[in-house]
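Enquirer: Chains as they are written, first to last, in my numbering: chain A, 2 to 232; chain B, 845 to 1052.
Simulated from the structure, these hints should not be mistaken for laboratory data. Just so you know, nobody snuck in bad clues.
DSS-like, lysine-lysine: derived pairs with alpha carbons at most 25 Å apart: (1) B:LYS912 to A:LYS160; (2) B:LYS899 to A:LYS206; (3) B:LYS899 to A:LYS160; (4) A:LYS155 to B:LYS899; (5) B:LYS899 to A:LYS202; (6) B:LYS899 to A:LYS208; (7) B:LYS899 to A:LYS215; (8) A:LYS155 to B:LYS912.
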Amino acid sequence: MLAAQQKLSPTPAANVTQLSPEAEEAKTSKPGFTTVEWSELVSKVKAGEDEGMEQLYKLFSRGIRYYLCRQLGPQELEDKVHDTFLIVVNAIRRGDLREPERLMGFVRTVVRRQVAAYIETAVHTRREQADLETGITVADKKQNPEQEAILRQKTALMKNVLESLNQRDRDILVRFYLMEQSQEQICREMSLTETQFRLLKSRAKAKFGEIGKKKLTASGIFSVFVRTQAS
Amino acid sequence: MQDIYLDHPTEEALERFVLNHADEKELEIVETHILACESCVTRLEGLELQISATKLALQQVRNEQFAKQATKKTASWKTWATAPGLSLAGGLAVLALGVVLVPQFSQKQPAAVALSAYRGLENLTVPEGRPLHISLNANDLNSGPVAVELINENGRKLWQGSSNIQGDKVEVSVPQISERGTHFFRLYTPKSGQAEGDLLREFAFQVK
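Required output: the full structure, derived from the provided sequences and hints.
Expert: See the structure below:
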């Protein structure tokens, strides 16, 4: 079992080669969870060592933050991350986690329970406050200005890509992304093989990257970016 | 056991996760993995942005297509709304009306005629050259089918048909009579085999 824990990096599957360049870079530049020795980490946390706590926080905080934000929105996100982290730490200290190599699954269970609890509280609060006529509170889904600008730029690039596709290819993307039809349904109804479907999507992505690169080159940003990378 | 969570999910698995298309098993694997994998969270964030941009762009392209189609439809009407276009359309409309209405006006309406007297006692006049709708008096006759003949004053048969005695009347529609003078309608019992029917009644009238 220890051997399994000490395995430094997962065997790269064939499909891992589909990683985007940014992801590849992120993967190689940061060691990530694959170098972790779970039993050692759990022991440190159990013993209340700061190093263990820090390692645990570094390891899971980003993922937990992402997961909670996706499920519950950005409101009071830091508090929720902190609460979840505390629950995990306390559970480990109490000895609730008997098999350290199951830490990842354990964290997932805690996070999911937390999400369920937050939703339940929200539902309960809404029900309790319904008579107060305070109006409906809606989560603010608006992105920050920087994110909005990025999204606008990407949308414009994607529009260029889509306009260069033929009507049938565009229909396939409309079905998949807008109408949220499953890949199987689209393939069945449009007489496509799975490979054709995958090819179309990857072609669109490749074009997207190509046009994006051209635009960046034309605006001079790309050369600056390359220089920064080189230095 | 832990190994399945250590492998980085494929781009497609992440896409299914973002679009909520992953099945339970895949969801468990991807969720567990991303909780501890910073690089995959980065990938996911990029993918989410990409998918949002794709959705927005697809929506925009679609909207533009619909707008173009709508403009085309409007434009096709506008091209007709010019002076020559309207003149042509008006001309065609008049022509169509003419085609429909002219035959109706030229077609003569049948004249309704009621004949109630016997030969020699009637001097009714019917118009020449118009179809006739004749109502013949059948008082005291038994109900049933009858044969009807139209003959001129020289005894020449101009038309023959059949009808039924209903109540006290026999009604027949007869084509236009093109010669003036005295004419007769005769009612017979229907023919049985080779034998001629019996004459039941005769009505005289003038065509002018």
